[in-house]
Amino acid sequence: MNALKNLFSLVQQYRYALIVGALSLILSDLFGLAPPLLIKLAVDHVKNADAPPPTLASFSLQTARDPLLTYAVLLVAVVGLQMVFRFFWRKHLLGISRRIEYDLRNRYFQHLQKLPWGFFQHTRTGDLMSRATNDLQIIREFLGIGIATMVDSAIVIPACLVLMLAINVKLTILSLVPMTTAGLIVARFKGGIRQRAESVQQKLSELSSQVHENISGIRVIQAYTQEAHELDRFKKLNLRLIEKKLSLARMSGVFFPLMVFTTGVTMALILWIGGREVIQGRITLGGYVALNGYLAMLTWPLAALGFMINLSQRGIASMRRIDEILAIEPEICDGVGEERVPLFRPETTGTQRAFSGEIEIRSLAFSYDNGNNVLFDINLAIPAGTSLSLVGPVGSGKSTLVKLIPRIYDCASGSIRIDGSDTRQMPLRLLRELIGYVDQEPFLFSDTIGENIAFGAGTATKEEIDRAAATAGLESDCKIFPHGLDTLIGERGVTLSGGQKQRVALARAIIKRPKVLILDDAFSNLDADTEERVFTNIREAFKDTTVIIISHRISIARKTDRIALMNDGRIVEVGTHDELVSQSGLYNRIYKQQLFLEKEIIEE
Amino acid sequence: MQTTAHKDGVRSRASDIRLMRRLLEYFRPYQKQLALSFFLLIVISVLQLAGPYLVKVAIDRYILKNDWAGLNWIVGVYLVVLLATFSLQYVQTYGMQVFGQGIMHDIRLSLFSHLQKMSLSFFNRNPVGGIVTRVVSDVETLSELSTQGIVETAGGLITLIGIIAALFLLNGKLALLTLLALCPLLYLAKRYGDKTRDVYGNIRVTTAQMNSFIQENVSGMSTVQLFNREEENLNRFKRINKENRDGQLKSLLYSAVYFPVVEVFSSLALGIILWQGGGEVIQGAIQLGVLVAFIQYVQRFFQPIRDLSEKYNILQAALASSERIFSLLDTPEEMPDPQRPVVLPEVRGEIAFQDVSFSYNDDGHALKGITFHLEPGESVAIVGATGAGKTSLINLIGRFYDIQQGRILIDGIDIRKMDKRFLRRRIGIVLQDAFLFAGDIEYNIRLGEAGIPPERVYEAARQVNAHAFIEKLPKGYREEVQERGSTLSLGQKQLISFARVLAFDPRIVILDEATSSVDTETELLIRDAFTRLIKGRTSIIIAHRLSTIRHVDKIMVIDKGELAEMGSHEQLMAKKGIYHNLYQLQFGR
Numbered sequence: 029m030n031a032l033k034n035l036f037s038l039v040q041q042y043r044y045a046l047i048v049g050a051l052s053l054i055l056s057d058l059f060g061l062a063p064p065l066l067i068k069l070a071v072d073h074v075k076n077a078d079a080p081p082p083t084l085a086s087f088s089l090q091t092a093r094d095p096l097l098t099y100a101v102l103l104v105a106v107v108g109l110q111m112v113f114r115f116f117w118r119k120h121l122l123g124i125s126r127r128i129e130y131d132l133r134n135r136y137f138q139h140l141q142k143l144p145w146g147f148f149q150h151t152r153t154g155d156l157m158s159r160a161t162n163d164l165q166i167i168r169e170f171l172g173i174g175i176a177t178m179v180d181s182a183i184v185i186p187a188c189l190v191l192m193l194a195i196n197v198k199l200t201i202l203s204l205v206p207m208t209t210a211g212l213i214v215a216r217f218k219g220g221i222r223q224r225a226e227s228v229q230q231k232l233s234e235l236s237s238q239v240h241e242n243i244s245g246i247r248v249i250q251a252y253t254q255e256a257h258e259l260d261r262f263k264k265l266n267l268r269l270i271e272k273k274l275s276l277a278r279m280s281g282v283f284f285p286l287m288v289f290t291t292g293v294t295m296a297l298i299l300w301i302g303g304r305e306v307i308q309g310r311i312t313l314g315g316y317v318a319l320n321g322y323l324a325m326l327t328w329p330l331a332a333l334g335f336m337i338n339l340s341q342r343g344i345a346s347m348r349r350i351d352e353i354l355a356i357e358p359e360i361c362d363g364v365g366e367e368r369v370p371l372f373r374p375e376t377t378g379t380q381r382a383f384s385g386e387i388e389i390r391s392l393a394f395s396y397d398n399g400n401n402v403l404f405d406i407n408l409a410i411p412a413g414t415s416l417s418l419v420g421p422v423g424s425g426k427s428t429l430v431k432l433i434p435r436i437y438d439c440a441s442g443s444i445r446i447d448g449s450d451t452r453q454m455p456l457r458l459l460r461e462l463i464g465y466v467d468q469e470p471f472l473f474s475d476t477i478g479e480n481i482a483f484g485a486g487t488a489t490k491e492e493i494d495r496a497a498a499t500a501g502l503e504s505d506c507k508i509f510p511h512g513l514d515t516l517i518g519e520r521g522v523t524l525s526g527g528q529k530q531r532v533a534l535a536r537a538i539i540k541r542p543k544v545l546i547l548d549d550a551f552s553n554l555d556a557d558t559e560e561r562v563f564t565n566i567r568e569a570f571k572d573t574t575v576i577i578i579s580h581r582i583s584i585a586r587k588t589d590r591i592a593l594m595n596d597g598r599i600v601e602v603g604t605h606d607e608l609v610s611q612s613g614l615y616n617r618i619y620k621q622q623l624f625l626e627k628e629i630i631e632e
Numbered sequence: 173m174q175t176t177a178h179k180d181g182v183r184s185r186a187s188d189i190r191l192m193r194r195l196l197e198y199f200r201p202y203q204k205q206l207a208l209s210f211f212l213l214i215v216i217s218v219l220q221l222a223g224p225y226l227v228k229v230a231i232d233r234y235i236l237k238n239d240w241a242g243l244n245w246i247v248g249v250y251l252v253v254l255l256a257t258f259s260l261q262y263v264q265t266y267g268m269q270v271f272g273q274g275i276m277h278d279i280r281l282s283l284f285s286h287l288q289k290m291s292l293s294f295f296n297r298n299p300v301g302g303i304v305t306r307v308v309s310d311v312e313t314l315s316e317l318s319t320q321g322i323v324e325t326a327g328g329l330i331t332l333i334g335i336i337a338a339l340f341l342l343n344g345k346l347a348l349l350t351l352l353a354l355c356p357l358l359y360l361a362k363r364y365g366d367k368t369r370d371v372y373g374n375i376r377v378t379t380a381q382m383n384s385f386i387q388e389n390v391s392g393m394s395t396v397q398l399f400n401r402e403e404e405n406l407n408r409f410k411r412i413n414k415e416n417r418d419g420q421l422k423s424l425l426y427s428a429v430y431f432p433v434v435e436v437f438s439s440l441a442l443g444i445i446l447w448q449g450g451g452e453v454i455q456g457a458i459q460l461g462v463l464v465a466f467i468q469y470v471q472r473f474f475q476p477i478r479d480l481s482e483k484y485n486i487l488q489a490a491l492a493s494s495e496r497i498f499s500l501l502d503t504p505e506e507m508p509d510p511q512r513p514v515v516l517p518e519v520r521g522e523i524a525f526q527d528v529s530f531s532y533n534d535d536g537h538a539l540k541g542i543t544f545h546l547e548p549g550e551s552v553a554i555v556g557a558t559g560a561g562k563t564s565l566i567n568l569i570g571r572f573y574d575i576q577q578g579r580i581l582i583d584g585i586d587i588r589k590m591d592k593r594f595l596r597r598r599i600g601i602v603l604q605d606a607f608l609f610a611g612d613i614e615y616n617i618r619l620g621e622a623g624i625p626p627e628r629v630y631e632a633a634r635q636v637n638a639h640a641f642i643e644k645l646p647k648g649y650r651e652e653v654q655e656r657g658s659t660l661s662l663g664q665k666q667l668i669s670f671a672r673v674l675a676f677d678p679r680i681v682i683l684d685e686a687t688s689s690v691d692t693e694t695e696l697l698i699r700d701a702f703t704r705l706i707k708g709r710t711s712i713i714i715a716h717r718l719s720t721i722r723h724v725d726k727i728m729v730i731d732k733g734e735l736a737e738m739g740s741h742e743q744l745m746a747k748k749g750i751y752h753n754l755y756q757l758q759f760g761r
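Protein sequences appear in the order of chains G and V. Heads up: the first sequence is residues 29 to 632, going by the working numbering. Heads up: the second sequence is residues 173 to 761, going by the working numbering.
Quick caveat, the hints were computed from the structure, so don't treat them as lab data. These numbers come from a predicted model, not from an experiment. Just so you know, even glycine gets a beta-carbon here, dropped at the ideal spot from N, CA and C. Check before you lean on any hint, since a few could be wrong.
Stated by the list, open to error - With a straight-line cut-off of 30 Å between C-alpha atoms, the simulated DSSO-like cross-links for lysine-lysine are: (1) K431/G / K644/V; (2) K748/V / K732/V; (3) K707/V / K589/V; (4) K414/V / K483/V; (5) K231/G / K410/V; (6) K571/G / K490/G; (7) K589/V / K289/V; (8) K748/V / K507/G; (9) K345/V / K362/V; (10) K142/G / K231/G; (11) K142/G / K414/V; (12) K272/G / K204/V; (13) K119/G / K483/V; (14) K707/V / K620/G; (15) K33/G / K414/V; (16) K529/G / K732/V; (17) K414/V / K362/V; (18) K540/V / K529/G.
To be verified - Stretch-level coverage of chain V by chain G, calculated; a stretch enters the list once three of its residues show a Cβ under 8 Å from a Cβ in chain G: (19) 277 to 283; (20) 287 to 299; (21) 389 to 396; (22) 413 to 425; (23) 437 to 449; (24) 615 to 623; (25) 663 to 673.
Isolated chain G (complex conformation):
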């Protein structure tokens, strides 16, 4: 029961609250034992005083009423004290569950942050969301009531039993028979409940995922009038969820009635046997009433126990789903090798100034999880401050290759070195600080454009942001935006075009003045002219930065210092534009094709 163990390790942190809470609970329970006793005394007193019916004359506060008043006042006082302690245990014990939920949610979020790109590629957002919300809520419910009930039952049940034994042994033992039977029945249900609860949570995840996808793709759905079909899919998923919920309800629905029934049977048993005992004078009527009172006190912890089993099984099911994520080892993490590169180089103060941005790729190979080899024996050296274009057909591995540099993926064999240090030996933080990477389909946050640009540079000034935006060719766009750089993006603000998104992402990458700038088809939505202009801007502003650019346009490739041509996962040609054209290889062919495509039009 790993999930449970993990939960308890979380509880340990709050030992202090747990102890204070448990002590208060014990005290509160102890005071709680007194009222039935007081009632017994009062009833017995009434019964005994019954014999000579007091006349109005002989009736005085001293004789008849005083003991009763004492009992009544004592009762209120004891309950008052009990409640003071109940306040403390509720505050502490239930508080633990809230705090653990908080811890667990932070941990979950923090763990997600460590997981590699590949994980998010094959996990649906709706599913991850559902775990963070629905599952954590169930865990909280379980912990809150769970801890309290466990402590409570552990105290109240034995204490009640002892007191009942003191009143009458035979009746007490009798009363245990139905309860144990019920307990055994409940225990048998445990596994089933957990299983069913787990499938309910899973269906809920699926439902979230579908809604999420539907809304994300609503344009396509409406354009192709697929609304009815989507509704149908949703309906089916919904029905399956209901089916699972009802199947859980069929089982868990037994608990509460069963507990009520059991205590009822016990009461009946006590009434039947106990009644004879009273008739035979072996037990006083007050004793019988008190016994009944203790029995009533047992009802709650016992019913709660059934409820608890229900809750705990659901809690464990949900905890497992959280654990499933927490247990995923982050594949890409800081290097642990001997020649580990320190985050700070002693000889300089600035962290990244010591690096020049020289890249060397040595006999590198890479394959995705499915085993398909994507890259073979890549060898490439890029001197610091130079620019390189990667060109080649779709699927030739260009994008995969550049993703290996900031360790979005890790290479299978071979190495990538920056200034001679293996990237896997460098602290991830440092590596990623050195590199600016711009994706083809960049993700922007629903924040202002300025905030998005300053995303990776916490202390960027207004001027720096403006400059980065200008370099990225955003100046004229900013004039159109209602509030310039302070315009909100996305759902609550303007919708940016593909080209605008790409340029904001570029500005975001260059504001941190990276030593290595990777442009992974990052200008695909810009027209050729803008692409060239932006690229020239970058070269001028960052003369020392090593630039790797993937582009399909020869017009850009010829502006870089060197070109590496990839085909089927290998680098097949390397050289300057003129060199490669004269080689009359694949590059030459692509070049001619593009020229032809352009001419075809112009010559018509």
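We have chain G already, so just place chain V on it with the hints.
Leaving out everything else, chain V in the frame of chain G:
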């Protein structure tokens, strides 16, 4: 993150009642089940109350009179009562689940189908995360109310009334004394309700914030990682999380005070009964059994009160949820279909814009006075600077937005007079970023259209040059596409959305040309596919490619929301106007 979705704090009592009324409408189809459930609950309550009474009878009539046979009899009755309670309780509990799930199903479905009808401007305004919360979590909360809250609340009230009745039947004076202890409790319950209402409102707001934060971060996780922003974002997350936790702890504190205080009042009532009632027994005014039964009733008296207060939280949460659900349902469909839509036997594909003006909101026009006409089968390329209004224009044809002025006609009929589904069915749209659904490739071409046979899917793929690469995938057409669909390149995704158009075979094609650059090989494939796509169909293309411009019949230049120039390439070049400049800038070298 303060969107409309999170605007949810404290409501007035009046609006609570309004919400309740609306909720009740959803209960209507289940009237019978509800009635049965209520009935069962009353029976169960009565049966449960019978317990102490039977004990009283047992003591007064049999135990005190040494009547063994009578005792046996009464225990037998008691057992029957218990068995009945057990089975009825199970039936009732399960029945409530069926009922609650049914309501949930209905609400979810009406939400989801309402969403399908919303216009794009709605989705531009509302974050995905918020909508998902509405459909999933809010409905879940509501179901809790319907399964646990409503009937049990009613049950609690019935029990309360039953106990009061029983108390008065047993002894009026003692009953009055007991009720006296209840009065301050009413005041306390109200105070408690007011306090928790505020706190819960706050908890819900922070929960919603937290959810959108997680959602956004999950979507953009690689960006967060590449920019070393983990720490900063974690800190931001912790802040919201902490606010949420503190709200929870506060609500806990309130309940930790309130519920014990209820107990103290309960003991006060008990004390009064012991003192006064005990005295009366001694005086012989009442029987001992009455006193014992009284004690037992009073002990049960406060349970429903406690339950009702506890249920109050569920009720508050459910009302907040239903408020958000209803506000979504109440968002009017901005562009309802006409009552009697015009149905054309066949669409030829003639498109006409007559003095069309359009703006997304009140400030500034996206499009102004656009007028043009396309014959069936004609193709036109739209060119213009970013932000000139090209995308707005193509969105209008499928009626994703409504225009403020002028008319858009298809085959001479105003599109507002057509059924939107009918209209869109005649139009094939390819968006700039090809969205793919979770499912296999074949599903992504055919979507939910069962009427499209696999052969047509393959044929469509062949026509747009997608067949070859699809066949090369490990599972071919059965290859699963993932949410962030990285298995396919952008160019490939485009070809798939081309294939989708051909499979649906519309009369009109609208194409927002995606990338300005893919690799040369795919580029050739796309060009080739493009010519087949527009052949024989009225086509409107936002063009980024020279080849596109050369393959269409006409070119339309949009400048600052206005139709600046229109004509063939040669005509426009000869004119040496905006087009000439654009052409030189973008394509000339």
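How the hints compare with the structure:
1. K431/G / K644/V: Status holds; Cα separation ~24 Å.
2. K748/V / K732/V: Satisfied, since the Cα-Cα distance of roughly 18 Å is no more than 30 Å.
3. K707/V / K589/V: Distance ~28 Å between K707/V and K589/V Cα, so the pair holds.
4. K414/V / K483/V: holds (26 Å)
5. K231/G / K410/V: With Cα atoms ~29 Å apart, K231/G and K410/V stay inside 30 Å; holds.
6. K571/G / K490/G: holds (23 Å)
7. K589/V / K289/V: Since the Cα atoms of K589/V and K289/V sit roughly 17 Å apart, the hinted pair holds (cutoff 30 Å).
8. K748/V / K507/G: With Cα atoms ~27 Å apart, K748/V and K507/G stay inside 30 Å; holds.
9. K345/V / K362/V: Measuring from Cα to Cα gives roughly 27 Å; hence the hint holds.
10. K142/G / K231/G: holds (27 Å)
11. K142/G / K414/V: holds (21 Å)
12. K272/G / K204/V: holds (24 Å)
13. K119/G / K483/V: holds (19 Å)
14. K707/V / K620/G: holds (28 Å)
15. K33/G / K414/V: holds (25 Å)
16. K529/G / K732/V: Satisfied, since the Cα-Cα distance of roughly 21 Å is no more than 30 Å.
17. K414/V / K362/V: It holds: about 28 Å lies between the C-alpha atoms, which stays within 30 Å.
18. K540/V / K529/G: Measuring from Cα to Cα gives roughly 26 Å; hence the hint holds.
19. 277 to 283: holds (count 3)
20. 287 to 299: That given contact holds, which follows from 10 residues of the region 287 to 299 of chain V lying within Cβ reach (below 8 Å) of chain G.
21. 389 to 396: holds (count 8)
22. 413 to 425: holds (count 8)
23. 437 to 449: As far as the region 437 to 449 of chain V goes, the hint holds, because 8 residues have Cβ atoms under 8 Å from chain G.
24. 615 to 623: holds (count 3)
25. 663 to 673: The restraint on the region 663 to 673 of chain V holds, since 3 of its residues have a Cβ under 8 Å from chain G and three suffice.
Consistency with the previously given hints is maintained throughout, with no hint failing.
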